[in-house]
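Heads up: the sequence lines are chains H and Z, in that order.
Just so we're aligned, residue 0 is where the first sequence starts under numbering that gives the first Met the number 0, counting upward by one.
Just so we're aligned, residue 0 is where the second sequence starts under numbering that gives the first Met the number 0, counting upward by one.
Each hint should be verified, as a subset may be incorrect.
As the list claims (entries may be wrong) - Output of the computed footprint for chain H on chain Z, the stretches with three or more beta carbons under 8 Å from beta carbons of chain H:
1. 24-32
2. 182-194
3. 253-266
To be verified - Cross-link-like lysine-lysine pairs, in silico, DSBU-like; alpha carbons within 30 Å at most:
4. H/Lys44 <-> H/Lys129
5. Z/Lys46 <-> H/Lys44
6. H/Lys44 <-> Z/Lys96
7. H/Lys44 <-> H/Lys289
8. H/Lys289 <-> H/Lys178
9. Z/Lys127 <-> Z/Lys318
10. H/Lys289 <-> Z/Lys127
11. Z/Lys318 <-> H/Lys178
Honestly, the hints are just simulated from the structure, not real lab data.
The model shown is predicted, which means the values in this text are computed figures rather than measured ones.
Positions of the beta carbon are idealized from the N, C-alpha and C atoms, including for glycine.
One-letter residues, chain by chain:
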Amino acid sequence: MDLDALAGCLSSSACLVTQTTSGFIIGMLLFLVAVGLTLIFGVLKVVNFSHGAFYMFGAYFAMTAYQLTGSFALAMLAGAAGTAILGLVFERVFMSRVYGADVLMQLLVCYAFVLIFDDVVRIIWGPEFKSMGMPSAFQVMPLFIAGGVVPPYYLLLIGVALVAAIVLGIGLSRSRIGKVIRAAAHNPGMVSALGINTGLIYGGVFALGGMLAGLAGALAAPVRSLTPGMGFSVLIESFIVTVIGGMGSILGALIGALLLGLIRSFGSLGFPLFTEGLMYLFMVIVLVSKPTGLFGKEAA
Amino acid sequence: MTELEAGRAQTLAPVRSGAALQRYRDVLIAVVAFAVLASLPLFTGSKALLDFVIRCSAYGLFATSLNLLVGYTGLTSFGHGMFFGLGAYGFGLIMQKLAVPIPVAFIATLAITAVVAAIIGAICVRLKEIYFAFVTLAFQMLIHSTILSWASFTGGDQGLRGGIPRPAFLGINLANHVHLYIASCALLILGLLAMRQIAQSPFGYTLRMIRDNAARASFLGIDVWRAKLTVFVLAALFASMGGMVMALFVSGAYPEFAYWTISGEGIFINMLGGVSTFLGPMVGTVLLLLLNDTVTRFTEYHGIVLGVVILFFALGLRKGLLDFVSEWISQRRDAGEGR
Chain H
0 MDLDALAGCL
10 SSSACLVTQT
20 TSGFIIGMLL
30 FLVAVGLTLI
40 FGVLKVVNFS
50 HGAFYMFGAY
60 FAMTAYQLTG
70 SFALAMLAGA
80 AGTAILGLVF
90 ERVFMSRVYG
100 ADVLMQLLVC
110 YAFVLIFDDV
120 VRIIWGPEFK
130 SMGMPSAFQV
140 MPLFIAGGVV
150 PPYYLLLIGV
160 ALVAAIVLGI
170 GLSRSRIGKV
180 IRAAAHNPGM
190 VSALGINTGL
200 IYGGVFALGG
210 MLAGLAGALA
220 APVRSLTPGM
230 GFSVLIESFI
240 VTVIGGMGSI
250 LGALIGALLL
260 GLIRSFGSLG
270 FPLFTEGLMY
280 LFMVIVLVSK
290 PTGLFGKEAA
Chain Z
0 MTELEAGRAQ
10 TLAPVRSGAA
20 LQRYRDVLIA
30 VVAFAVLASL
40 PLFTGSKALL
50 DFVIRCSAYG
60 LFATSLNLLV
70 GYTGLTSFGH
80 GMFFGLGAYG
90 FGLIMQKLAV
100 PIPVAFIATL
110 AITAVVAAII
120 GAICVRLKEI
130 YFAFVTLAFQ
140 MLIHSTILSW
150 ASFTGGDQGL
160 RGGIPRPAFL
170 GINLANHVHL
180 YIASCALLIL
190 GLLAMRQIAQ
200 SPFGYTLRMI
210 RDNAARASFL
220 GIDVWRAKLT
230 VFVLAALFAS
240 MGGMVMALFV
250 SGAYPEFAYW
260 TISGEGIFIN
270 MLGGVSTFLG
280 PMVGTVLLLL
290 LNDTVTRFTE
300 YHGIVLGVVI
310 LFFALGLRKG
320 LLDFVSEWIS
330 QRRDAGEGR
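Chain H on its own, in the form it takes in the complex:
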């Protein structure tokens, strides 16, 4: 424990800015992963335990595309599109077989793929740590805000995640497809009876969730090291986010992710060894006081 460091940081505007931005990028990456998770749970009623693998694939796809083309935009596209396709195939071929089955069976199928995907990455890209490196376009002077150092890439990352959040939120509440998706989440039998292909919706939602996780991985690739199994810790943290925010709530995922990011970033100053513990403690406190999460609806 190092409470002096924490107090010292809270009283310095430079440190405050630095820690807050780093909390925000952690939070935004978590949000992109968690929102896919919460969307899949909301519509398909499946807890996608293999969601972290999509984050991992997004990062590796982006790294490979960047190394081949040198274009950052293409790297992002490869990360997002690649995992979208992967999500669609995964849902149609495997997950669709265990709908309505025991929750444990669904978890088991996902767990199997966590093991398989990690080894696939190990075979294709090797077991060692990899790094994509910062794209040249962002190798510029960092911004100084109130004395705090903010790399421009961080702003891009936060911006992209915010745009995704807004598009998703408005898309789900306003657009026709969004309405169909929400209807399918509420009453799949009725939607299917109205002549809408629910299989297509399920596949689409899974692909969208996979794409968001892949985008998060691609965005993280320049600032994190890549390793097989990197999806695991992200998965657990995004689970915490969805559970804190309330399963199925997009706003909850956003708030939960930002809170968790800030806890991580400031907690690493005050409790360097117990940062992870803080997150779990926070989750326990939230769930004990409100079992459905901050923005979760009461279970019907």
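Chain H is fixed; fit chain Z onto it per the hints.
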């Protein structure tokens, strides 16, 4: 509903009339099983085989206790491994720091586990399904983080090293490999027998009723919260016993023992062996350990092999091995009677 009621009446009737008989049968099976396991060192000098049985004892106790929650009560705990870790660390720390006889440390660890499980359980069992799973997971990770960060006490990520003292007691010297082996077998058999008694007792049938219809159980005047908490604590005790066997075997305790993957493996073992038969988790334990040992010998990519096997069970059989076998046998019997 009527079919359910009929089924329940059928299973409850023999519980009352044949309970004593079944208890004698279980004890007999246990004695025979122990005799067979304990005589194994007379026939083989293979240390690897004895080690395998010791590991099966540790994981078997853990997995079967998890099934009390998952299979019997319908509580899918994702954090049951915390009690495995707690058992290993509690026992190891007491032996290292206090120099008490082994049975004292054993009882003390069980007492600590019971207290911790009662506190955590009191919070968790209020929650339903997926929330229960995640809060137990969170508690597990909390304990794991505490072990990692409290390095001066627990050794941090290095684990409890320097070996666990194993002074002889009552003529039993656990530093001797054969003694350790027989003690592990005895703990396993005694633990399984005790859990079998719990599962077949009226309390065990109460748990099944809670699993099938908690609202109804509560209408019938059962305190669901208290029953769930009781089984949570009981299961924790047996998981802790498994952890102690493990700590004795490796002569130490490591943070991985308290990591969530232990819980994941426990769930997987249960699914592999089957959750609707008492011995399913035991079969799953042997299968998983065998699978792990053989696959790691042939390929470094054992995740792929393990994953494919899991897929076979989840998508192909759609149930655990023993469940599958027992269903197959009862179908054959029905077909035979029909003819």
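Practice prompt. Count the residues of the stretch 24-32 of chain Z whose CB lies closer than 8 Å to any CB of chain H, then report whether that count reaches three.
Written response: violated (count 0)
Worksheet item: Within the stretch 253-266 of chain Z, is the number of residues with a Cβ closer than 8 Å to a Cβ of chain H three or more?
Response: holds (count 3)
Worksheet item: Is it true that the CA of H/Lys44 sits at most 30 Å from the CA of Z/Lys96?
Response: violated (49 Å)
Discussion item. Next pair to validate is H/Lys44 with H/Lys129; report whether the Cα-Cα distance is within 30 Å.
Written reply: At roughly 35 Å apart (the allowed maximum being 30 Å), H/Lys129 and H/Lys44 break the hint.
Worksheet item: When you check the alpha-carbon spacing of Z/Lys127 and Z/Lys318, does it fall within 30 Å?
Response: Holds, because 23 Å separates the two Cα atoms, which is no more than 30 Å.
Discussion item. Three residues or more, CB to CB closer than 8 Å: is that satisfied between the stretch 182-194 of chain Z and chain H?
Written reply: violated (count 0)
Discussion item. Just to be careful, I want the Cα atoms of Z/Lys318 and H/Lys178 compared with a cutoff of 30 Å; is the pair within it?
Written reply: Not OK: Z/Lys318 and H/Lys178 at ~37 Å, beyond 30 Å, violated.
Item to complete: Compare the distance between the alpha carbons of H/Lys44 and H/Lys289 with 30 Å, and conclude whether the hinted pair is satisfied.
Response: holds (21 Å)
Worksheet item: Keeping to a limit of 30 Å between CA atoms, is the pair of H/Lys289 and H/Lys178 held or broken?
Response: holds (28 Å)
Fill in: Distance restraint between Z/Lys46 and H/Lys44, which requires alpha-carbon spacing of 30 Å or less
violated (48 Å)
Worksheet item: Between H/Lys289 and Z/Lys127, does the CA-CA distance stay at or below 30 Å?
Response: Holds, because 12 Å separates the two Cα atoms, which is no more than 30 Å.
Of the numbered hints listed earlier, those contradicted by the structure are 1, 2, 4, 5, 6, 11.
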